[in-house]
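Engineer: Listed below, chain by chain, are the residues.
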Amino acid sequence: MTEIISTIFIAIGTLVNIISCIGLVRLPDLYNRLQSSTKSVTLGICSMLVGVLIKYGFIGIGIKALIAIPLIFLTATVSAHALAKGAYYFGIRPGEKTTRDDYKGNNK
Amino acid sequence: MVEFLLYIQVAICIFPLYCIIRGPSLADRMVALDILGILVTGICIKLIIITDQLFMMDIVYAWIILSFISVLTLAKYLENKKLND
Chain X
16 MTEIISTIFI AIGTLVNIIS CIGLVRLPDL YNRLQSSTKS VTLGICSMLV
66 GVLIKYGFIG IGIKALIAIP LIFLTATVSA HALAKGAYYF GIRPGEKTTR
116 DDYKGNNK
Chain G
2 MVEFLLYIQV AICIFPLYCI IRGPSLADRM VALDILGILV TGICIKLIII
52 TDQLFMMDIV YAWIILSFIS VLTLAKYLEN KKLND
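Protein chains in written order, with the working numbering: chain X, 16 to 123; chain G, 2 to 86.
Do not rely on the hints blindly, as some may be mistaken.
[Unchecked claim] Non-contacting residues of chain X with respect to chain G, defined by C-beta distances greater than 10 Å in every case (computed): (1) M16; (2) I20; (3) R48; (4) F73; (5) G110; (6) E111; (7) K112; (8) D116; (9) D117.
[Said to hold, decoys possible] Keeping only pairs whose Cα atoms sit at most 20 Å apart, straight-line, the calculated EDC-like set for lysine to aspartate or glutamate is: (10) K54(X) x D44(X); (11) K70(X) x E4(G); (12) K79(X) x D53(G); (13) K70(X) x D59(G); (14) K79(X) x E18(X); (15) K112(X) x D44(X); (16) K112(X) x D29(G); (17) K119(X) x E80(G); (18) K70(X) x E18(X); (19) K77(G) x D29(G); (20) K100(X) x D53(G); (21) K100(X) x D117(X); (22) K100(X) x E111(X); (23) K79(X) x D29(G); (24) K119(X) x D44(X); (25) K100(X) x D44(X); (26) K100(X) x D29(G); (27) K70(X) x D53(G); (28) K54(X) x D29(G); (29) K70(X) x D44(X).
Because the hints were derived from the structure by calculation, they are not lab data. Backbone N, C-alpha and C define an ideal beta-carbon position, used for all residues, glycine too.
Between the sequences and the hints, there should be enough to build the whole structure, so can you do that?
Structural biologist: This is the structure in structure tokens:
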């Protein structure tokens, strides 16, 4: 039973990863791409880690998988934020359809 | 079943590689590199389930932290700063 539930969680994670990779290729703008791909890939990896936790239970590796979830949440989001800020200062502007630009007039 | 999902996970690594080749500017390539780093973590997690080699979780930890530090360094380079600023 736990095998089936953990396989379902891993399948959900793979599906989210596929959707985010399609978004990485299809979306027009750098910031849209960053938003689509980074957040949802992180969600997919967290779903896979929950699958590992369900399969092995609360022994060594399950606890390790549980600790890896906040670790990957913190690191992936912080690196995406740093990348967006660096890209703005590098000189890449948002596309035509973006209406709100909080960094405007903030060019160092 | 998990082996099939592993094949899918390896196959979707083509999308970030394509974005690294295509990307018009430097920042696009860095975004794709960030995504590629997280997808490789998913490959390691599926290998845990398939092969029952439990030390793979340590590789997952190391890969997360390595990807984090490398992307932060590249973002620092984009902002035209030195590393000790």
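Engineer: All the hints need checking, so say for each whether the structure fits it.
Structural biologist: Tested hints:
The Cβ of M16(X) sits about 15 Å from the closest Cβ of chain G, beyond the 10 Å cut-off, so the non-interface label holds. With a cut of 10 Å on Cβ distances, I20(X) stays outside the contact zone with chain G, its closest approach being about 12 Å. The beta carbon of R48(X) is not kept farther than 10 Å from every beta carbon of chain G, the shortest such distance being approximately 6 Å. No Cβ of chain G approaches the Cβ of F73(X) within 10 Å, the least distance being about 14 Å, so the stated non-interface status holds.
No Cβ of chain G comes within 10 Å of the Cβ of G110(X); the nearest lies about 13 Å off, and the non-interface call holds. E111(X), annotated as away from the interface, keeps every beta carbon of chain G farther than 10 Å; the closest lies near 16 Å. Once the 10 Å rule is applied to beta carbons, K112(X) is consistent with being away from chain G; the minimum gap is 18 Å. Against the 10 Å criterion, D116(X) stays outside the reach of chain G, whose nearest CB is about 16 Å from its own CB.
Every CB of chain G is more than 10 Å from the CB of D117(X) (nearest about 17 Å), matching its label as outside the interface. Restraint check: the Cα-Cα separation between K54(X) and D44(X) comes to about 16 Å, which is no more than 20 Å; the hinted pair holds. A threshold of 20 Å between alpha carbons decides the hint, and for K70(X) with E4(G) the separation of about 16 Å falls inside it, so the pair holds. Restraint check: the Cα-Cα separation between K79(X) and D53(G) comes to about 15 Å, which is no more than 20 Å; the hinted pair holds.
At roughly 18 Å between alpha-carbon atoms, K70(X) and D59(G) fall within 20 Å of each other, so this suggested pair holds. With a C-alpha separation of about 19 Å, the suggested pairing of K79(X) with E18(X) holds against the 20 Å cut-off. A hinted pair counts as satisfied when its Cα atoms are at most 20 Å apart, and K112(X) with D44(X) qualifies at roughly 10 Å. Restraint check for K112(X) and D29(G): satisfied, since their Cα atoms lie roughly 19 Å apart, inside the 20 Å limit.
Between K119(X) and E80(G) the alpha-carbon distance is near 16 Å, which keeps this suggested pair within the 20 Å criterion. For the suggested pair K70(X) and E18(X), the alpha carbons sit about 6 Å apart, so the restraint of at most 20 Å is met. Between the alpha carbons of K77(G) and D29(G) the distance comes to roughly 15 Å, so the proposed pair stays at or under 20 Å and holds. Only pairs whose Cα atoms come within 20 Å are accepted, and K100(X) paired with D53(G) is rejected, the gap being roughly 40 Å.
Note on K100(X) and D117(X): the hinted pairing holds, with a Cα-Cα distance of about 11 Å set against a maximum of 20 Å. Restraint check: the Cα-Cα separation between K100(X) and E111(X) comes to about 19 Å, which is no more than 20 Å; the hinted pair holds. The straight-line distance between the Cα atoms of K79(X) and D29(G) is roughly 33 Å, outside the 20 Å bound, and the hint therefore fails. As the CA atoms of K119(X) and D44(X) are separated by approximately 17 Å, the hinted pair is consistent with the 20 Å bound.
In summary, the hint linking K100(X) to D44(X) is supported, as the alpha carbons are separated by about 15 Å, within the 20 Å threshold. The hinted pair formed by K100(X) and D29(G) meets the criterion: a straight-line CA distance of about 13 Å does not exceed 20 Å. Annotation: proposed proximity of K70(X) to D53(G) holds, straight-line Cα distance about 11 Å (limit 20 Å). At roughly 16 Å between alpha-carbon atoms, K54(X) and D29(G) fall within 20 Å of each other, so this suggested pair holds.
Straight-line distance between C-alpha atoms of K70(X) and D44(X) comes to about 39 Å, which puts the hinted pair past the 20 Å bound.
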